[in-house]
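Engineer: Sequence:
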Amino acid sequence: TVLTESAYRLALITYLVSALLALGLFNIWLLRGRSAALKLLLTLPLAALLLTPAYIQPGAETLAPALVVLAFQWLSQGPEAAEHALRPLVLFTGVALGVGVLLAGILILRARRARAPDPALDLSAEP
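Each residue of the sequence shown is one higher than the last, beginning at 1349 in my numbering.
Just so you know, the hints here were simulated from the structure itself, not pulled from any lab data. Treat the numbers as computed from the prediction; the structure is a model and nothing was measured. Note that CB positions come from ideal geometry on N, CA and C, so glycine has one too. Hints are all accurate, no fakes.
When the alpha-carbon atoms are kept at most 25 Å apart in a straight line, the in silico SDA-like pairs for lysine to any residue are as follows:
| hint | residue 1 | residue 2 |
| --- | --- | --- |
| 1 | K1387 | R1460 |
| 2 | K1387 | N1375 |
| 3 | K1387 | I1456 |
| 4 | K1387 | V1365 |
| 5 | K1387 | L1457 |
| 6 | K1387 | R1458 |
| 7 | K1387 | L1364 |
| 8 | K1387 | L1373 |
| 9 | K1387 | R1461 |
| 10 | K1387 | T1400 |
| 11 | K1387 | L1450 |
| 12 | K1387 | L1455 |
| 13 | K1387 | P1401 |
| 14 | K1387 | V1438 |
| 15 | K1387 | V1443 |
| 16 | K1387 | G1442 |
What follows is a list of derived Cβ distance ranges for each label pair:
| hint | residue 1 | residue 2 | range |
| --- | --- | --- | --- |
| 17 | G1453 | L1358 | 36 to 46 Å |
| 18 | I1454 | Y1356 | 33 to 43 Å |
| 19 | A1464 | W1377 | 26 to 36 Å |
Produce the complete structure using the sequences and hints provided.
Structural biologist: Here it is in structure tokens:
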């Protein structure tokens, strides 16, 4: 079976929309009521896992989700055949985790500052 250009685009768009919906539902169902810092810390790496593209095999011109390529190549041909999909997946997931940690840290620090009382407004202190 030959995959036409329009079928290929439709498949990628379907996967993209499904992955974004999964991320949204993950946030709604599992992270409801959690802090924005935790949501960022978990959602960014998950988004990288779901949305990182990779070529279906070395030298190919067709892209697919790296997680799917990794799974199929690993199971059908072994770990060596999956390395080309593993590299970008690890890179983008690592970067997303780093950005998530950085943003979560910033949000936590901002929240602590917002909760800390302002000493200039403390009327109980003696002049």
